[in-house]
Amino acid sequence: MSSGGRERDFMDFGGISGFDDFGAGQEDIPALLGRERELSRIARLIDAADGDGPRVLVLTGEPGAGKSALVDRAAAQATERGRRVLRLRGCEGEQDLGFAGAHQLLRPVLDGVDRLPAHQRDALRQALGMDPAGGAAAPDPLTIRAAVLTLLLAAAARQPLLIAVDDAQWLDVGSLDVLAFVARRLDGEPAVLLLAAREAAVPARFDRDFPHLIAGPLDRAAAGRLLDAQPQPPTGRMRSRILAQAAGNPLALIELTRAFARDPGGAPPMADRALGSAADALPLTARLENLFAADLPALPAATRRALLLAAAAGTARLSDVPDVGDPEIWAPAEQAGLVRVEGGQVRLRHPLVRSAVQQAATFAERRAAHLTLAAAFAHEPDRRAWHLAAAALGPDAEIADALAESARRFRDRGGHAAAATALERAADLTPDPGERARRLLAAAESAMYAGHPQWVGEIAGRVTTLTDDPQLLAEASLRAGWSLAVTLRHDDALAFLIPVAESMATPAPALALSALGTAATPAYNSGDPRHRHDIQRIDGLVAPQPDGTDRVWTRGATHPFTDRPQLVKQLTAAVDTLPDDSERTLPGLVTLGGAAWILDETDQAVRLLGRARDHLRSAATAGANCTVAQALALAHFESGSWDAAQAAAEEAFWMATEAGADNVSVGSPILRATLRAARGDHTGARAQAADAVRGRDLRGSRSLYVRHRYALALAATAEGDHETAYGQLRATFTDETRPAPVHYHASLYHLADLAAAAVRAGRADDARAVLDAVQRTLGRPRSARLAALVHRAAALLSEPEDAEPHFRAATEDPAAARWPFELALARLDFAEWLRRRRRTAEARPQLTAAHDTFVRLGARPWTERAAAELRAAGVSLTPADAVGDLTPQERQIARLAAEGLTNRDIGARLYLSPRTVGYHLHKIFPKLGVTGRAQLRDALGRLPEPD
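Just so you know, we're using the numbering used here here: the sequence shown kicks off at 32 and counts up by one.
Keep in mind that the hints are not guaranteed to be accurate.
As a list, the in silico SDA-like pairs of lysine to any residue whose alpha-carbon atoms are at most 25 Å apart [what the hints assert, rightly or not]:
(1) Lys600 to Leu572
(2) Lys600 to Leu817
(3) Lys600 to Gly641
Ranges of calculated distance between the beta carbons of each label pair, as one might list FRET restraints [said to hold, decoys possible]:
(4) Ala409 to Ala278: 29 to 35 Å
(5) Ala846 to Pro540: 34 to 40 Å
(6) Arg289 to Arg215: 27 to 33 Å
(7) Ala278 to Gln597: 34 to 40 Å
(8) Thr495 to Ala846: 30 to 36 Å
(9) Asp326 to Ala395: 41 to 47 Å
Since the hints were derived computationally from the structure, they do not count as laboratory data. Since this is a predicted model, take the numbers as computed values, not measurements. Glycine included, every Cβ here is placed at the ideal spot set by N, Cα and C.
Work out the full structure, taking the sequences as your base and the hints as a guide.
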């Protein structure tokens, strides 16, 4: 079977697809993960069959990229849209059969051959072997190609046509000539051509004359979702290794996961791993070997040895690989497409080629390669230590010490992941069990800073079998608890952490405080008061320590409204004493940044968490930390930096999917749904929020529960559904005689929105009961942010004669400007209140300030509401104001309409339906203050150009 056929089998089984509600009767069309861009482009090609746009698209990608799945999806979509589909798949075994591909393509329409002009009919019948040639001369190639074109266009005239070609690299030359001839003559015809081929073997006739679409590697988030869609998703370090080695190749992700699931012990032992990109090579399945290294066994022995040295070295520099400088050694590997040698570097085609090379060698050959490299790297102690370790046959104290020293250097450079790997390997080679346990704990700490919680848990679990030392066991439990603290298993995390803190309160107070600081995170996310009370009780048992950093976070996270001024004072002092450029800086930046966020010192939180993120990014091997990115995203959102919040949330999500940190992999899409809602995409916001929590029970994670409810409430508000918005926000407080916050911290920040929704939904009495109950228990003094929110809520729910002081308190404190969206909402409410009392002149400045903020943020529903209020207040919005109301797509539609294009013309140009164009114009006209197309040109002429 050809490799194209193998890829087909894989795709039919699921391929890069993740099934939604598998078996629920969804037409058996799986969702393709991470291929939104490709699917969108293919959809435009399909639409071009009876519209405008290019009629040919060449789809390329490496083996296993999912080209066949995309072609299958194109065929399914074309059928759904009323197109006829003719398919052709190249076959390596038929490359030498003239017109074999054309025969396969035309079989469904061969009944039309006899209706062709006689000369075309006879030529095509002879070319396809339908008539014996006898002694007749070979048919003219041009006549054959014209006959195929006529036959296809005849079919297209009856029904728009998609010609779908897969594995074009295996097609015979005659069929390729026919396809190229047809492709150049489809303009204006109701037919389109999608042709897929391997990127390194695109047929010459299609390599430059037609648009290309590359199915590249999946991004990290999509790759992580694909792993999660497998029957047995990998976790921990194995997950990271699969993601790294597959390099975004969907087939590799699936196959490596299946191989590990079948044989978890089949991964190479630590004794057979080396540093760098050669580390952690995983065994390949036969399918992957056939795709990425089928030619390897036939290479000369010298070439195979050179490849093995390069694979083991984990470097692209030829100078790092001893005795392989002769270009002739590499020529066979280059001809086989395994490597490319140029500029003094040897580059393997794909990380899986490295794995295949190592898998094909015996252990003795691999060990000899590592010893050769260790000798060659005598002047580089880190690399020499790694190759000696890879060649070691058992425990070796000298090599273990060298690796531990190497780990120290990695850590000093910020290379936490490399340090963790070195220390874990050093522990394996350490003869003494106690020292082995200490090195494993050091490895777990480095893995923690690298952002790999499941790896931390795996390492910590090994310590318990090595020692009876209470403090070492407590440290192992601390790391195990941290590994769970970033998941939704809050109670399990605290079951490790609380006992450590209590048992170490007197003998090891620093360790106890570290455990309490770690426990504060799952305690906050859980929201269960029992956990906070336990932490407060144990905190009282620990004597004061010189470094109070952990205590600031612990106390802020568990009791943010108790003695807030003292906590802020301690926070400021701790920030002022942070070292500037030290490894000790990172933990402080993270914990103090979190404390600043929870205490509403939002600007400080952005600075501290931004520094922590930059610290983590400072070295190529530093790893990443999804919790830092998530906290930074929340701080950016609250401070009005919504684009930065979006970017940080996306970064947090892909890191969390790799790390298995489901508290973040759920929380990040909830925040992105919130951003969508705030910008007016209420449908997308609801869909993303639903996806985020699908299959999750948030009752044990009250912080996420509240944030999810807020996202849905904001979406409902954006849509104008205030009853639903109120219901969602009301669910963030208990339904009791004296309502209480569902989450002791997160719920309180939605009091003002609850009041605003209540007024519009006719639920003011109920909301007033919530506010009154919360006011009785909320301590003072409050942060400027919380005070403004409470004042806004009180203003909306007060009697008219009592509202104004609350409105002024909510809008006139200069500190409130640090939370621009919340301030703009308060100003809009106040302005509406003023205008209803005929105090229009006082309302205008409030409306203008609110409108400007909403425009800057891109908060479209509130921009439109503020604009309407301004017009009602007698303020004519100038085009400069209106431009903020137009999205880039609306501006584009408006300009095309001004040029005289019809809705259908505009839709064809922008790949939209005419109805969608009409919908947008319906929104554009009032924004620009016009009533018809004839006025668009003048209105647009006054608009400034976008930045």
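Handout entry: Cβ separation of Ala278 and Gln597, checked against the hinted range 34 to 40 Å
Key = For Gln597 against Ala278, whose Cβ atoms are near 51 Å apart, the range 34 to 40 Å is violated.
Practice task
With respect to the beta-carbon atoms only, verify the hint that Thr495 and Ala846 lie 30 to 36 Å apart.
Solution key: violated (50 Å)
Exercise for the section: Using the Cβ atoms, figure out if Asp326 sits within 41 to 47 Å of Ala395. Expected result: About 23 Å separates the Cβ atoms of Asp326 and Ala395, which means 41 to 47 Å is violated.
Exercise for the section: Go ahead and decide if the range 27 to 33 Å is satisfied by the Cβ distance of Arg289 to Arg215. Expected result: The hinted range 27 to 33 Å is violated for Arg289 and Arg215, with Cβ atoms some 43 Å apart.
Exercise for the section: Note whether the CB distance of Ala846 and Pro540 lies within 34 to 40 Å or breaks it. Expected result: At roughly 37 Å between Cβ atoms, Pro540 and Ala846 fall inside 34 to 40 Å, so the hint holds.
Handout entry: Restraint status (C-alpha distance of Lys600 to Leu572 at most 25 Å)
Key = Holds, because 22 Å separates the two Cα atoms, which is no more than 25 Å.
Handout entry: Given pair status - Gly641, Lys600, alpha carbons within 25 Å
Key = holds (21 Å)
Practice task
Using the Cβ atoms, figure out if Ala409 sits within 29 to 35 Å of Ala278.
Solution key: Holds, since Ala409 and Ala278 (Cβ atoms, about 32 Å apart) stay within the stated range.
Exercise for the section: Could you grab the alpha-carbon distance between Lys600 and Leu817 and see if it respects the 25 Å cut-off? Expected result: Since the Cα atoms of Lys600 and Leu817 sit roughly 18 Å apart, the hinted pair holds (cutoff 25 Å).
Checked against the numbered hints above, the structure breaks hints 6, 7, 8, 9 and satisfies the rest.
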